[in-house]
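Asks: Residues in the sequence shown are numbered consecutively from 5, following my numbering.
It should be emphasised that the hints constitute simulated quantities derived from the structure, not laboratory data. A portion of the hints provided could be inaccurate.
[Said to hold, decoys possible] Calculated pairs, DMTMM-like style, for lysine to aspartate or glutamate (alpha carbon to alpha carbon, straight line, at most 25 angstroms):
| no. | residue 1 | residue 2 |
| --- | --- | --- |
| 1 | Lys44 | Asp112 |
| 2 | Lys44 | Glu93 |
| 3 | Lys83 | Asp106 |
| 4 | Lys59 | Glu93 |
| 5 | Lys63 | Glu38 |
| 6 | Lys63 | Asp8 |
| 7 | Lys71 | Glu82 |
| 8 | Lys83 | Asp112 |
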Amino acid sequence: MARDPKPHSFSPAIATEHGVIAAVLINHLSFWIEHNRANKVNFHDERWWTYNSLKAFEKQFPYLTLKQIRGALEKLVEKNVLLTGHFHENKYDRRTWYAFADETRYLDLEPVATDLPSGANGHAVKGKSVCRQGQMDSLTRANGLAPEGKSLVNTDVNTDVNQMVPTREQHIELQLSAARRAPRRLS
Numbered sequence: 005m006a007r008d009p010k011p012h013s014f015s016p017a018i019a020t021e022h023g024v025i026a027a028v029l030i031n032h033l034s035f036w037i038e039h040n041r042a043n044k045v046n047f048h049d050e051r052w053w054t055y056n057s058l059k060a061f062e063k064q065f066p067y068l069t070l071k072q073i074r075g076a077l078e079k080l081v082e083k084n085v086l087l088t089g090h091f092h093e094n095k096y097d098r099r100t101w102y103a104f105a106d107e108t109r110y111l112d113l114e115p116v117a118t119d120l121p122s123g124a125n126g127h128a129v130k131g132k133s134v135c136r137q138g139q140m141d142s143l144t145r146a147n148g149l150a151p152e153g154k155s156l157v158n159t160d161v162n163t164d165v166n167q168m169v170p171t172r173e174q175h176i177e178l179q180l181s182a183a184r185r186a187p188r189r190l191s
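Please construct the entire structure, taking both the sequences and the accompanying hints into account.
Replies: This is the structure we're talking about:
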């Protein structure tokens, strides 16, 4: 049997509390909400969101039926695990937006590289630069790591979202961070 390039997983603690289907969906939504937070997109009503249609969920989870997906999402909304919204500019867009009611439980809220303090250098001691040669102002290149001043950011607006699958290492790291967030039972 060939290795599945897109393995699915879930937290046993969340599966025990909400069921396996809900745990798989929570893991999936956590990944995309954390991805959106890192990229500073889809922030509405003081929360980070992701959106999807039921048909898209059905394609992403071929082992689940539309009825199972809909039922699990509805139960998560009823239990106040998930919030739903509609933030599309096009009112005919029927994809539903999802966020976690308790972000601290389901998301890794440690600061990401894009959450820098308002100062130019959040870690520098006042008047001291952490840049080479004591440089105090911004680099002349578009990106300090990019050769010849070219941006490292992908500006292709036609990026295929289905190609944004985490690497094995990213997937493992997401699972480890989810395990660290899982509630612990006291004996």
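Asks: Output the numbers, in ascending order, of every earlier hint that fails for this structure.
Replies: Those not satisfied: there are none.
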